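> Build the full structure now, drawing on both the sequences and the hints.
Protein chains: 2
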Amino acid sequence: MSFKSKQLNRLGLVQAAAAIEQREISSVALLQACLDRIEERNAEVAAFVAYDSKKALAAAAEADNNTQLGPLRGIPFAVKDILDTADYPTEYGSPIYQGHQPHQDAVCVRLAKSRGAVLLGKVATGEFATQTPSKAKNPLNLAHTPGGSSSGSAAAVGDYMVPVAYATQTTGSIIRPAVFCGVVGYKPTFDLISPAGMKDLSPSQDTVGIITRSIEDAAFFTLGLHGAATVRTASLKPRVALCLSRQWDYVLPETMRAIESLVHHLESAGCTVKRTWLPDEYDTLLAIQPRLFMYEARHALVNERILHGDQLSHRLQTRLQLGEHIEYDEYVSMRQQVREAQQKVETLFKGVDAVLYPAAAGEADEGLASAGDPRFGALWTLLHLPSVSFPIDLGPKGLPLGVQMIARYGQDTRLLAVANAVTSIIGPVGPEVSG
Amino acid sequence: MSFKSKQLNRLGLVQAAAAIEQREISSVALLQACLDRIEERNAEVAAFVAYDSKKALAAAAEADNNTQLGPLRGIPFAVKDILDTADYPTEYGSPIYQGHQPHQDAVCVRLAKSRGAVLLGKVATGEFATQTPSKAKNPLNLAHTPGGSSSGSAAAVGDYMVPVAYATQTTGSIIRPAVFCGVVGYKPTFDLISPAGMKDLSPSQDTVGIITRSIEDAAFFTLGLHGAATVRTASLKPRVALCLSRQWDYVLPETMRAIESLVHHLESAGCTVKRTWLPDEYDTLLAIQPRLFMYEARHALVNERILHGDQLSHRLQTRLQLGEHIEYDEYVSMRQQVREAQQKVETLFKGVDAVLYPAAAGEADEGLASAGDPRFGALWTLLHLPSVSFPIDLGPKGLPLGVQMIARYGQDTRLLAVANAVTSIIGPVGPEVSG
Numbered sequence: 021m022s023f024k025s026k027q028l029n030r031l032g033l034v035q036a037a038a039a040i041e042q043r044e045i046s047s048v049a050l051l052q053a054c055l056d057r058i059e060e061r062n063a064e065v066a067a068f069v070a071y072d073s074k075k076a077l078a079a080a081a082e083a084d085n086n087t088q089l090g091p092l093r094g095i096p097f098a099v100k101d102i103l104d105t106a107d108y109p110t111e112y113g114s115p116i117y118q119g120h121q122p123h124q125d126a127v128c129v130r131l132a133k134s135r136g137a138v139l140l141g142k143v144a145t146g147e148f149a150t151q152t153p154s155k156a157k158n159p160l161n162l163a164h165t166p167g168g169s170s171s172g173s174a175a176a177v178g179d180y181m182v183p184v185a186y187a188t189q190t191t192g193s194i195i196r197p198a199v200f201c202g203v204v205g206y207k208p209t210f211d212l213i214s215p216a217g218m219k220d221l222s223p224s225q226d227t228v229g230i231i232t233r234s235i236e237d238a239a240f241f242t243l244g245l246h247g248a249a250t251v252r253t254a255s256l257k258p259r260v261a262l263c264l265s266r267q268w269d270y271v272l273p274e275t276m277r278a279i280e281s282l283v284h285h286l287e288s289a290g291c292t293v294k295r296t297w298l299p300d301e302y303d304t305l306l307a308i309q310p311r312l313f314m315y316e317a318r319h320a321l322v323n324e325r326i327l328h329g330d331q332l333s334h335r336l337q338t339r340l341q342l343g344e345h346i347e348y349d350e351y352v353s354m355r356q357q358v359r360e361a362q363q364k365v366e367t368l369f370k371g372v373d374a375v376l377y378p379a380a381a382g383e384a385d386e387g388l389a390s391a392g393d394p395r396f397g398a399l400w401t402l403l404h405l406p407s408v409s410f411p412i413d414l415g416p417k418g419l420p421l422g423v424q425m426i427a428r429y430g431q432d433t434r435l436l437a438v439a440n441a442v443t444s445i446i447g448p449v450g451p452e453v454s455g
Numbered sequence: 021m022s023f024k025s026k027q028l029n030r031l032g033l034v035q036a037a038a039a040i041e042q043r044e045i046s047s048v049a050l051l052q053a054c055l056d057r058i059e060e061r062n063a064e065v066a067a068f069v070a071y072d073s074k075k076a077l078a079a080a081a082e083a084d085n086n087t088q089l090g091p092l093r094g095i096p097f098a099v100k101d102i103l104d105t106a107d108y109p110t111e112y113g114s115p116i117y118q119g120h121q122p123h124q125d126a127v128c129v130r131l132a133k134s135r136g137a138v139l140l141g142k143v144a145t146g147e148f149a150t151q152t153p154s155k156a157k158n159p160l161n162l163a164h165t166p167g168g169s170s171s172g173s174a175a176a177v178g179d180y181m182v183p184v185a186y187a188t189q190t191t192g193s194i195i196r197p198a199v200f201c202g203v204v205g206y207k208p209t210f211d212l213i214s215p216a217g218m219k220d221l222s223p224s225q226d227t228v229g230i231i232t233r234s235i236e237d238a239a240f241f242t243l244g245l246h247g248a249a250t251v252r253t254a255s256l257k258p259r260v261a262l263c264l265s266r267q268w269d270y271v272l273p274e275t276m277r278a279i280e281s282l283v284h285h286l287e288s289a290g291c292t293v294k295r296t297w298l299p300d301e302y303d304t305l306l307a308i309q310p311r312l313f314m315y316e317a318r319h320a321l322v323n324e325r326i327l328h329g330d331q332l333s334h335r336l337q338t339r340l341q342l343g344e345h346i347e348y349d350e351y352v353s354m355r356q357q358v359r360e361a362q363q364k365v366e367t368l369f370k371g372v373d374a375v376l377y378p379a380a381a382g383e384a385d386e387g388l389a390s391a392g393d394p395r396f397g398a399l400w401t402l403l404h405l406p407s408v409s410f411p412i413d414l415g416p417k418g419l420p421l422g423v424q425m426i427a428r429y430g431q432d433t434r435l436l437a438v439a440n441a442v443t444s445i446i447g448p449v450g451p452e453v454s455g
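Line by line, the protein sequences are chains W and A.
Counting the first sequence from 1 gives a position; the working numbering is that position plus 20.
Counting the second sequence from 1 gives a position; the working numbering is that position plus 20.
Misleading hints may appear alongside valid ones.
List of simulated lysine-lysine pairs, DSS-like, C-alpha gap at most 30 Å [what the hints assert, rightly or not]:
1. A:Lys370 - W:Lys364
2. W:Lys417 - W:Lys364
3. A:Lys364 - W:Lys364
Treat the hints as calculated values from the structure; they're not laboratory data.
Just so you know, these numbers come straight off a predicted model, no measurement behind them.
Right under this line is the structure:
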């Protein structure tokens, strides 16, 4: 393949890393292609909230010169604006923090840099990583939401502005926007990527993850971050369980059909797909999750609530007020119930590698007033299990429909291998962004 | 009781809160007594690293004027210098952060203020909450360590400079210094006090807690923080299990005798005390703990390691270097083993309210070069269980010997009630600090 004939910003992370390693392309050229794309599209897509060509190109030049940097050498990455950066202001999606400049990088940002990756800039977040939307738009159709709260991460990666972006999830803030924008959302096992330097929202649930354009890229970046140089792939016949639950009442028919079709596809390819019903006891957990969230968020945002309450959105003010009526004893009891469920959830994975579950009700909602329904991520985030979402088909509006796969605690590497096998079976899913 | 005849700085938190509520004393007078004590003793004890009489007295005056403030109205508190404060520099016990001024309070600090408590200042921490000692001394004998890493918290409370101080524990950094300084150390269930604004060290273990001079005070402060106004006490005959393990090889004979004597005391008072042997599988966990710590600390301190490596202590540099040789796969496996153990640990509490375990090998070590052996906290911190330590006798050097009690996940309120019953049975333990 000649890289000159291809828009470099469209390269996947694995491809790009190999090409840089083999000196087929330079990191500077790759960065420039990403910057060109941002220049061309960001006024409309509004994925990036801060970037600096000079800083990024200087870091890329350094990566080109220093071949010892590590497995992510020369790879551009973007950072959700809920994570601190020393090079760029960090505003947490809130006017309270306009121009706020942290003194140092979040750990995951510095870690990526230490492995050779090049910080391209900051991407939009919903207000304090809640569902109050950012200004980012869905690159596949600008009249639609990119989802939230990792709206900028999904939009920037989906629009080929950058191959990978950090994202965070407390309910469904990675997996849903990824599917809305036709990309891959990976929420690791809780705290597998260090949370230090992330603005806390609900500390028992907040998880740092990433958005990429392929599962292979997600695996490569994560392993690279931890200093492992190679992606472990496996030739697999995935064994999965389609997990049914009352939450399916909220799934649109087109998503149901797409998931049914996926199951059929997998079975035809020789995979085992069983169907399980989510035990009723998990309904309690689903009822607990928003209350646990409200109690913890009320604490986590105590400074903002007390010192700058009038600058919180009405939506967030309301949620925090609801948290006021939750007693300490109830909070402790909720935490205990969650811990018990974390123990029992193992049984869901008996005989299978992963569970299949909806990632969103349907396509990205029209309009930018709502970031969509995060509910399908709630249970898995609460239980600290790794999950990965990806598009599987197109819906009636021509936008992606997706699914998520969830695995046992800590089985991230296996989950990504299994999900990779699944996406190989279904093949590429459109549509293409313009430009 | 006439409060005028008593040094107000020696009042417990519960007493002080009631006296302020009933206008028997003012918060200003209480603060002034604490400040006088600091002026008198801090040059020697070196517990406080920053305080400001003017700021503290102004906040106390406000607390006196506004009776609506909350259950902690007018109570002075100190903050371990590993937690961010907007009013004071926060140096994390490291020269790297000399004069560093966070832009806002850690959540637990702002929360205490919002309940009416008055921030008195910052107290010393070991380097980044590790065992590299601070300059604080043991108020009971200045030639001895106060323990670490919450050295300043334990020394300040033990020396009657302040009735309560925030502390943090990753291995044994609350429970050990508390015992060394003859006070009470309470490490809540993991994240029950929000960790936002704490400098991360090993995020899967780091826990915010408090040091007070009585268990009742610890309960009152914690419940007050969560907005609950009353301490729930119970007339209890505690049922406890004395948990034996290989770690007892490191316990000095005087501590063994003190714990045996405590058991005898409890049995004479009609309490049930059974003896259990810690199952062998926990030995694996104890072996895992330092490796998990090193891996996570290497990530958490990535900025400092890369940008200011030469300003880390030799001790910490060595530990972080050891972390380099731990592979990602081993890390994930350790996290999985910990999660499994968190499930199985329930069985240790069968038929009992709490487990009795050593809090330290013996009395506070002589000299200030070592902060003592943190090992006795490792297992319980890793398992996210609440624990509380307190003195039970004096050792051959005239310094306190102590014990810790551990309860099931989330059973903090019960743990404190049971521990309170135990301390009532054994009565007060000397010695008295000078001054």
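> Each hint should be assessed against the structure and marked as holding or not.
Each hint tested on the structure:
no. : hint                : verdict
1   : A:Lys370 - W:Lys364 : holds, 19 Å
2   : W:Lys417 - W:Lys364 : violated, 39 Å
3   : A:Lys364 - W:Lys364 : holds, 12 Å
Hint compliance for this structure: hint 2 is the single one not met.
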